[in-house]
Amino acid sequence: MEVLREIINSDRLKTLFAVPKSMENMDVEVIVLPLADKRKQKKEVDVEAALKKITGIIPDEGMSLDDYRNERLGKYAGID
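First residue of the sequence shown? That's 1 in the UniProt record's numbering, and the numbers climb one at a time after it.
None of these hints come from the bench; they were simulated from the model.
C-beta: ideal position from N, C-alpha, C; glycine also.
One thing to keep in mind: the hints can contain errors.
As the list claims (entries may be wrong) - Per label pair, the in silico range of CB-to-CB distance: (1) Met1 / Leu51: 30 to 40 Å; (2) Ser22 / Val45: 40 to 50 Å; (3) Asn9 / Leu35: 50 to 60 Å; (4) Glu2 / Glu44: 20 to 30 Å; (5) Lys14 / Lys53: 46 to 56 Å; (6) Leu35 / Thr15: 18 to 28 Å; (7) Pro34 / Glu71: 45 to 55 Å; (8) Arg12 / Val45: 35 to 45 Å.
Make a model of the complete structure from these sequences and hints.
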């Protein structure tokens, strides 16, 4: 993350925001940080598009969910 750090006279900041009386006409340190780090921002996922991409990956063999379940149980759990 990039950071900007400068020491300037507080009078130059009056056009941007209110400077407290105790800081008028003196050198102050200004630190500028990005609001959010772009590297840490997560991309928004389009759920509809993601589902469309994976739909149809497993071919439809015309079996019911129970048929698929029993097939998997028999294959991986040794249950008939």
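Evaluation of the provided hints:
no., hint, in the structure
1, Met1 / Leu51: 30 to 40 Å, "35 Å, holds"
2, Ser22 / Val45: 40 to 50 Å, "49 Å, holds"
3, Asn9 / Leu35: 50 to 60 Å, "26 Å, violated"
4, Glu2 / Glu44: 20 to 30 Å, "24 Å, holds"
5, Lys14 / Lys53: 46 to 56 Å, "54 Å, holds"
6, Leu35 / Thr15: 18 to 28 Å, "21 Å, holds"
7, Pro34 / Glu71: 45 to 55 Å, "53 Å, holds"
8, Arg12 / Val45: 35 to 45 Å, "44 Å, holds"
Violated hint for the displayed structure: number 3, the only one.
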